[in-house]
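**Student:** Here's the letter readout for the chains.
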Amino acid sequence: MLNIYQPQKAKIIAVNQESIDTKLFRLRFLDKKTQRDFDFIPGQFAQIGLPGWGECPISFCSSPYDAKKFFELAIRKVGNLTSKIHTLKVGDMIDIRGPFGNGFDLDKFKNKPLILVGGGCGFVPLRSLIIDYLNGRIENTVLQIFYGCLNEDTLLFKKEYGAWNRQAELSIILEKPSKKWGGERGRVTDLFKFSKITNNSVAVLVGPLMMYKFVIAELKKRKISEENIYLSLERKMYCGNGVCQHCAIGPYYVCQDGPVFSWSEIKEIPGVI
Amino acid sequence: MDKKELENFLLQLSDRFFLFAPQREDDILKIKEVENIEDIAWSTEMPINSWKDIFLPPEERLFENVKNNLIESKTDYPPIACVGVHILDLKALTLFDQVFGPDSYYQKRRKRTILIGYSTDLSADYKKHKVFSHNFEEDILEHLAFDVFILKLKNGPLKIYSGSEKGQNILEKFSVSSYQNIEFAGPIAEKGPDKRMLLLKDKVDKSFNKKIWDELDKICLACGKCAIVCPTCFCFDFNDSANPESASRCRQWGNCFYNDFSKVAGGHKELDTVKQKIYFWYVHKFVRIPHEYNLPGCVSCNRCSQVCPVGIKISEVIKSILN
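Chain order of the listed sequences is A and B.
Using the numbering used here, you'd call the opening residue of the first sequence number 1 and step up by one each time.
Using the numbering used here, you'd call the opening residue of the second sequence number 1 and step up by one each time.
Keep in mind the hints are simulated off the structure, nothing from the lab.
Keep in mind that this is a model prediction, so the values were computed, not measured.
Treat the hints loosely; a few may be bogus.
Unchecked claim - Under the rule of at most 20 Å between Cα atoms (straight-line distance), these lysine to aspartate or glutamate pairs were calculated in the EDC-like manner:
#1 B/K203 x A/E265
#2 B/K210 x A/E268
#3 A/K267 x B/E7
With the rest of the complex left out, here is chain B:
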């Protein structure tokens, strides 16, 4: 497939799906709805926002309160095609599929979307992130949730993969016949859980007395921006609206940096200091998610470091914990 054929495929797709893709906006790469297919930025650079809003909206109605009965909200889940999803973001969504496996709201939304991944041919980019070894299909694609994957080979042509029945159907429907089928082999590689993840799990778990947390306590503003952009931050609150016009129970994004996160009736807060909060955030990424899912809770996208107003760099925090 060449670029023209790809654009033609996406054009056809846009008849049935709302297309979302990374696009440049004042030189910043941002995921947003596509108006012109030519605007899609085919890049392995990380967009500043993550895809999670599409799968876990900042606010969604779970129930309507009808005469004191909670009735599941009827939501018309939009058909969305996520186009040009970075491998690291696919890793985050693969984790989401595990975390929200029993969540009917997530599953209904997820069913209506298609994930189209994009990457350039194996390059220094992968080595930088260490998690990747060199067999692209077996070591990477087989363990990612996606429907269609576009691999841009060094000299120009595009190699197409399907990663699900949904992906195959779409490719066939729009007459893309030359593609390779990838069978999803579960999120964890055959050779077992990632070794670096296991090392970090142990180190972060035992790190509370390290002075890095006291240093971060002094500089972190607990603004929560890292949690907002993080593709694997998925905590949430439930909120009931008492307004009689729209009485409902909603789910909203939580944020472990905010005081309400752990505050119980009576006023007690488990997470009171900035040190406790930022440690909690790291434990979620590097201890709790690996403990529960055997998957890394950080996909190395580095968004948190990019948005941090005081310049906290996750890679440096990790380096200091490992030392």
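One chain only, chain A, in its complex shape:
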């Protein structure tokens, strides 16, 4: 019988300091067959770990179309495990379990304008969707990306903005930028003022809980239905299999039924955002 808690070793093949507190790790499973058979859906996550340091959930941020060769995780230094991982170099190993969760249901995005709203380090899983969109894998969609961050130092994936902007509409706003910043200043919802948002759009939200409240209110003003507002939730979790209870919300488990939920599915759950 398979041990569902047994992690697989993955080797770091590239590291890039993305922002002041976040590094992008490109990883490849040590076992070639594991990598060949590997697949995930944008929005899914892995339990990453180090022996002696425990595990934590991190969203994939590369494209599933590269999953047979490698996968990427953007990891923010926030606790003991992630601080330890930040000391690792190319050639070092990280333990991986997963993929876990439902991910984004891309079929539901077809033939509808797609809006991605990211806040801070929550932006990470949206990159998988953007890469797939740029490669023509999300059918008949136009893409608007709204990205809110604290300042220039915390922006992720800076090198890729040029490519994103050529095919999609990318808007960035900073809450406390430096004096040099020539762009928008404020919260991510402030960006909606400058953009035409059509009411048949599908919106995907990933960011801090506070952002969800404001963005959902704003999207509802634009007559976007609650079924078409998707958000990805973050919770403490251990098992990844819907047993340990730490990530439970109402009748659901974030690790299995989520992390992606439509707002209509979860809006009645007390304190969910």
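Position chain B relative to chain A; hints supplied.
**Tutor:** Okay, now just chain B, sitting in the frame of chain A:
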């Protein structure tokens, strides 16, 4: 079978298994290892502790950390016979079998145990718990996980059932020839999920704005005793030991009343107030487990009410939610 034959059967069983059973200790019924078979308390009273420690130990090693590689711990799972398990506890273990179906540690442990249930003849005891109707074999036994079941009939003799191949083998091995075989028909009764469970699921799910939760917020100490004794509380944490002598990854019981339960790196807690915590506990029993398994997450054992230091009674909380 009579009592003497039963004791003889258990005596033989004790050669191969560690026997655990409810026994009286200062008038309190407690599940513990059996030293003398005569000490077993054959009762339909609820022991104060549950059987879950045997199947989900408070702490177990999952992996050894050998030079930064997590290698599955080699555990010698002891052969244990759980003797005199109450029907309500069998219901809890039937749920555990569902919850931990894909969990290899649980399954290995479970394989080494035998479950011997016990009940007296259908009495007022069943009606009290409402979940039971009157066809004992079809409505109750066929939907419980057990290996051997002992039913004490009104006038004294014991009726023996086997509920699994393992149970049959053991009965045959120790020359118990007169027993009835029960085929496990899955945990859910043919007539469908329990109606009261479905009603409660709906009511508890929509109850957060009821004032009962504000009242409980004021009196509950969030001590977590209810979760410790509850036979269907199974949440857990993983903990890595950095000690080089015993570097390992362990699984430990969690407790949703404790602050660490939902605390993430950076300090944020999803469950911050006592109200949120106790509501979460009730949602697990009455909403989440029914949603996932179509089985009640509370088996009505009432242990939580017995250990609560401030006298919270689960039946009264439920009554107030239903009103």
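**Student:** All hints, please: hold or fail.
**Tutor:** Going down the list of hints, with the structure as the test:
The suggested pairing of B/K203 with A/E265 holds, with an alpha-carbon distance near 18 Å, which does not exceed 20 Å. Distance restraint check for B/K210 and A/E268: the Cα-Cα separation of roughly 14 Å lies within the 20 Å cut-off, and the hinted pair is therefore satisfied. Taken as a hint, the A/K267 and B/E7 pair is broken in the structure, with Cα atoms around 57 Å apart against an allowance of 20 Å.
Hint 3 from the list above is the single one not met by this structure.
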